[in-house]
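**Student:** Sequence:
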Amino acid sequence: MEAAVWVIILPLLTAFFLGISKLYFKRIFFYLVTGSAIIYLYILIIVITHSYPPKVYSIGDWGLLGINVMVDPFSGLFLLMIAILFLPFIIFSMKYNKFLKHDYFIFAYLMVAGISGMVLTTDLFNLYVFMEVSTLSSCALSLYKKTDRGIEGTFKYLIMSTLGSFFILLATILTYYLTGTLNMAEIPLAFEDIPFKIKSTMMTLFVFGYAIKIGLIPLHAWLPDAYEDSPIPYNVLSSGLVLKSAVYALIRVLYIMFGIDFLDESGMLTIGVFWGVITFLIAHCLAFQQSNLNRLLAYSSIAQIAYIMIGLFVGTEAGLIAGSFHILNHAIMKGTLFLVVGIFSYSLNAVEKKDIKGLGYKFPILSFTFVVASLAIVGLPPFNGFMSKWLIVEAALEAGFVYAAFFILVGTFLSLTYYLKVIVTLYTKNEEELLIEEPSLSLKLPTFFLGSLCIVFGMVPSLPLNLITKIPTFLLDNGDYIRILLGG
1 MEAAVWVIIL PLLTAFFLGI SKLYFKRIFF YLVTGSAIIY LYILIIVITH
51 SYPPKVYSIG DWGLLGINVM VDPFSGLFLL MIAILFLPFI IFSMKYNKFL
101 KHDYFIFAYL MVAGISGMVL TTDLFNLYVF MEVSTLSSCA LSLYKKTDRG
151 IEGTFKYLIM STLGSFFILL ATILTYYLTG TLNMAEIPLA FEDIPFKIKS
201 TMMTLFVFGY AIKIGLIPLH AWLPDAYEDS PIPYNVLSSG LVLKSAVYAL
251 IRVLYIMFGI DFLDESGMLT IGVFWGVITF LIAHCLAFQQ SNLNRLLAYS
301 SIAQIAYIMI GLFVGTEAGL IAGSFHILNH AIMKGTLFLV VGIFSYSLNA
351 VEKKDIKGLG YKFPILSFTF VVASLAIVGL PPFNGFMSKW LIVEAALEAG
401 FVYAAFFILV GTFLSLTYYL KVIVTLYTKN EEELLIEEPS LSLKLPTFFL
451 GSLCIVFGMV PSLPLNLITK IPTFLLDNGD YIRILLGG
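Under this note's numbering, the first residue of the sequence shown is numbered 1, with each subsequent residue one higher.
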């Protein structure tokens, strides 16, 4: 069986065997969780290195129930993000969760299986099914601490996500009704005979549904509440992978099914850029008002995804490269920030800005890592966030969206203000005696690893760009994607 197929199957099998071990073989729990994560990393590396030229693999041949998976540079980018985030998440979580439960890792593996399926499938219904696997597992992890605020936040998450799923499923059903197929290569061919207004209605349903999943303003209210009292390692995967997988699905549907010409003709590209600008301006202002670190980082995630949307919606090769690069960079930067906050929470139960006062002197290296990731996500050189944000500004200017480029610079200043407030608090001396539990190496190593990538990908951006620069080929011209998937 091809390695690409195992990208989906291995986490599913791991979740199953973790459930069995919970009942009968508790002693193998640690080895099963970590061993599977290491093997999974190896498989991901193999698949990523063979993502160009794209390849198609089949799992069964059962008509509507059959699954074809395709590995191309865009899906390869998301597999790279899983490879970067998942093993550090596992290592960090093994120590962070003082009262370790099998359920936590079962749902983590199910969530990753769902995300992997989303980025590899070529079938519209399977895309929906894998998205629901990911979403429900994500809700379970968000609820893991079972606090009042956690339950409230997860309930909002579940309600809004269900609403988004309804619109996506409705659009999927309409697509099948009008085209007679769910294959993403055959749908564009059938779309040629569908009236403009009907196609526009279907596209609106898809966009609205995925916008809820992504958390674009004003459909964002669930996101900060869901992050506020959820396990912080989960927030790393949620901001880095769960939200981004919805971005992936939206872009794949719009560019492959509808095509760049229809997106331009319908005005969706202009709407997407404008929506992105409004979203990041409001999100930055809301982040400035937060005292809870998790909520601050949640609003920051909304703003950063808005930058990504601008890059992906300018409709040019430069924009797709810039937006895709920022997808990767945001996962790394925000992952670093969440892990540092997770260590502060673990060592001192610090979740508010005032709680971290003076920790810059208690944890100098960790605090420096936080500063690096903060400056990177603001978009200052020489870090990775600067590179991708600068590419987004250039792409917006080249495509004629001057106002978007201007407001991105304004957004940079806004984000600098609230991250500086946190940094100043970190390095403000605290006269009180703090009772601090020294974090172990298994907490610090994943954090330092992600933090170092903020510098490495900023200094040597060609490392990820070797893969990312190939992405526009199979999005701007959906004919290449269709030809490869249909075997032409």
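Treat the hints with care, since some could be wrong.
Here are the computed lysine-lysine pairs in the DSSO-like style, where the Cα-Cα straight-line distance is at most 27 Å [as the list claims (entries may be wrong)]:
| hint | residue 1 | residue 2 |
| --- | --- | --- |
| 1 | 95 | 55 |
| 2 | 101 | 421 |
| 3 | 101 | 145 |
| 4 | 101 | 22 |
| 5 | 145 | 429 |
| 6 | 101 | 199 |
| 7 | 354 | 470 |
| 8 | 145 | 444 |
| 9 | 146 | 55 |
| 10 | 197 | 22 |
| 11 | 362 | 199 |
| 12 | 362 | 95 |
| 13 | 95 | 354 |
| 14 | 444 | 362 |
| 15 | 362 | 146 |
| 16 | 95 | 145 |
| 17 | 353 | 429 |
| 18 | 444 | 357 |
| 19 | 146 | 353 |
| 20 | 429 | 362 |
| 21 | 357 | 145 |
| 22 | 95 | 444 |
| 23 | 429 | 357 |
| 24 | 146 | 101 |
| 25 | 145 | 22 |
Between beta-carbon pairs, the in silico distance windows are [said to hold, decoys possible]:
| hint | residue 1 | residue 2 | range |
| --- | --- | --- | --- |
| 26 | 166 | 274 | 17 to 27 Å |
| 27 | 289 | 192 | 46 to 56 Å |
| 28 | 55 | 413 | 40 to 50 Å |
| 29 | 417 | 176 | 44 to 54 Å |
| 30 | 97 | 193 | 28 to 38 Å |
Simulated from the structure, these hints should not be mistaken for lab results. Quick reminder that beta carbons are idealized off the backbone N, C-alpha and C, glycines included.
**Student:** If a hint holds in the structure, say so; if it does not, say that too.
**Tutor:** Comparing the hints with the structure gives:
no.	hint	in the structure
1	95 x 55	violated (39 Å)
2	101 x 421	violated (36 Å)
3	101 x 145	holds (11 Å)
4	101 x 22	holds (9 Å)
5	145 x 429	violated (32 Å)
6	101 x 199	violated (47 Å)
7	354 x 470	violated (45 Å)
8	145 x 444	holds (22 Å)
9	146 x 55	violated (43 Å)
10	197 x 22	violated (53 Å)
11	362 x 199	violated (58 Å)
12	362 x 95	holds (20 Å)
13	95 x 354	holds (25 Å)
14	444 x 362	holds (14 Å)
15	362 x 146	violated (31 Å)
16	95 x 145	holds (15 Å)
17	353 x 429	holds (14 Å)
18	444 x 357	holds (20 Å)
19	146 x 353	holds (23 Å)
20	429 x 362	holds (10 Å)
21	357 x 145	holds (25 Å)
22	95 x 444	holds (10 Å)
23	429 x 357	holds (7 Å)
24	146 x 101	holds (13 Å)
25	145 x 22	holds (19 Å)
26	166 x 274: 17 to 27 Å	holds (25 Å)
27	289 x 192: 46 to 56 Å	holds (49 Å)
28	55 x 413: 40 to 50 Å	holds (44 Å)
29	417 x 176: 44 to 54 Å	holds (48 Å)
30	97 x 193: 28 to 38 Å	violated (54 Å)
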